[in-house]
Amino acid sequence: MYKILKKQKWSDTIFSNWIEAPFVAKAAQPGQFIILITSQSGERIPLTIADSNAKEGWVQIVYQVVGASTLELSLMNEGENLYAFVGPLGVPSEIENFGGKVLIIGGGIGIAPIYPVAKKLKELGNYVISIIGARTKDLIIMEDKMKEASNELLIATDDGTYGQKGFVTNIMDDILKKESEAIKDIWAVGPPIMMKMCTRVANEHNKQIWVSLNSIMVDGTGMCGACRVSVGGKTKFACVDGPEFRGNLVNFEEMILRQRQYCDQEREALMLLEEKIRRQASNG
Numbered sequence: 001m002y003k004i005l006k007k008q009k010w011s012d013t014i015f016s017n018w019i020e021a022p023f024v025a026k027a028a029q030p031g032q033f034i035i036l037i038t039s040q041s042g043e044r045i046p047l048t049i050a051d052s053n054a055k056e057g058w059v060q061i062v063y064q065v066v067g068a069s070t071l072e073l074s075l076m077n078e079g080e081n082l083y084a085f086v087g088p089l090g091v092p093s094e095i096e097n098f099g100g101k102v103l104i105i106g107g108g109i110g111i112a113p114i115y116p117v118a119k120k121l122k123e124l125g126n127y128v129i130s131i132i133g134a135r136t137k138d139l140i141i142m143e144d145k146m147k148e149a150s151n152e153l154l155i156a157t158d159d160g161t162y163g164q165k166g167f168v169t170n171i172m173d174d175i176l177k178k179e180s181e182a183i184k185d186i187w188a189v190g191p192p193i194m195m196k197m198c199t200r201v202a203n204e205h206n207k208q209i210w211v212s213l214n215s216i217m218v219d220g221t222g223m224c225g226a227c228r229v230s231v232g233g234k235t236k237f238a239c240v241d242g243p244e245f246r247g248n249l250v251n252f253e254e255m256i257l258r259q260r261q262y263c264d265q266e267r268e269a270l271m272l273l274e275e276k277i278r279r280q281a282s283n284g
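Using the UniProt record's numbering, you'd call the opening residue of the sequence shown number 1 and step up by one each time.
None of these hints come from the bench; they were simulated from the model. Among the clues, some could well be false.
To be verified - Only pairs whose alpha carbons sit at most 20 Å apart, straight line, appear in this in silico EDC-like list of lysine to aspartate or glutamate: (1) 101 to 123; (2) 120 to 80; (3) 119 to 56; (4) 276 to 72; (5) 119 to 143; (6) 120 to 152; (7) 119 to 72; (8) 184 to 94.
Starting from the given sequences, assemble the full structure and let the hints guide the process.
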């Protein structure tokens, strides 16, 4: 159960797996996520669903190795089974035919979760303008899929190695300056600081924007409270009230501070696992 059907390495730290999970695939909708556990002693990893196929029974996940648990996941191979794979969780994106243009923005690993949103918006007849970006060309993912899911696709890289040099917010601002009234809604998914800056640009143009909050999460059912965020001055739980919220209402400063509270422990866990892997390799 929960077999890794296919695995791809997209860069030194970014991977994609296709997981056999027919019940999750049948129910999955854009904006929702899963929680997986690699082994009985592993921790829970929340990941937004990048794609799914109900007929074939698979769910695609995309992840970046940033800690011990994602490193463990990256070391698993095709044919191996995950210990647990639960979902779909969270509230689906509020998608409809808005009768005009929509703006989709994905940054870094956030390109993966924004893809099903763009795809569904286009299927419903919206004119989809997508902007994807990363630090450098090698970190741009899912370009072909995003091109299919969009009427227009624009690319930015911080270092200028691909597309326009600069940030996704530069392109976003240019578009809104030219056709703000034509843009009916906006979605942005990526690092918290990117979503914060996209929200700032949206506010400058008096536009609403959706963001997907990747706050610290444990059980994914609203019981633990670890994923709490402040939205509109009220406490919300990203797992059951989100993960998508109106960015104009999110307290990003508080969220970013909470995201950093376990950085030291995460670095220590990663170092211990890397040392264990090195010892095993040296012992044959």
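For each hint, the structure was consulted:
1. 101 to 123: 13 Å, holds
2. 120 to 80: 31 Å, violated
3. 119 to 56: 18 Å, holds
4. 276 to 72: Holds - the C-alpha atoms of residue 72 and residue 276 are around 12 Å apart, at most 20 Å.
5. 119 to 143: 13 Å, holds
6. 120 to 152: Holds, at roughly 15 Å.
7. 119 to 72: Answer violated: residue 119 to residue 72 is near 31 Å, above 20 Å.
8. 184 to 94: 13 Å, holds
In the structure shown, a violation is registered for the earlier hints numbered 2 and 7, in ascending order.
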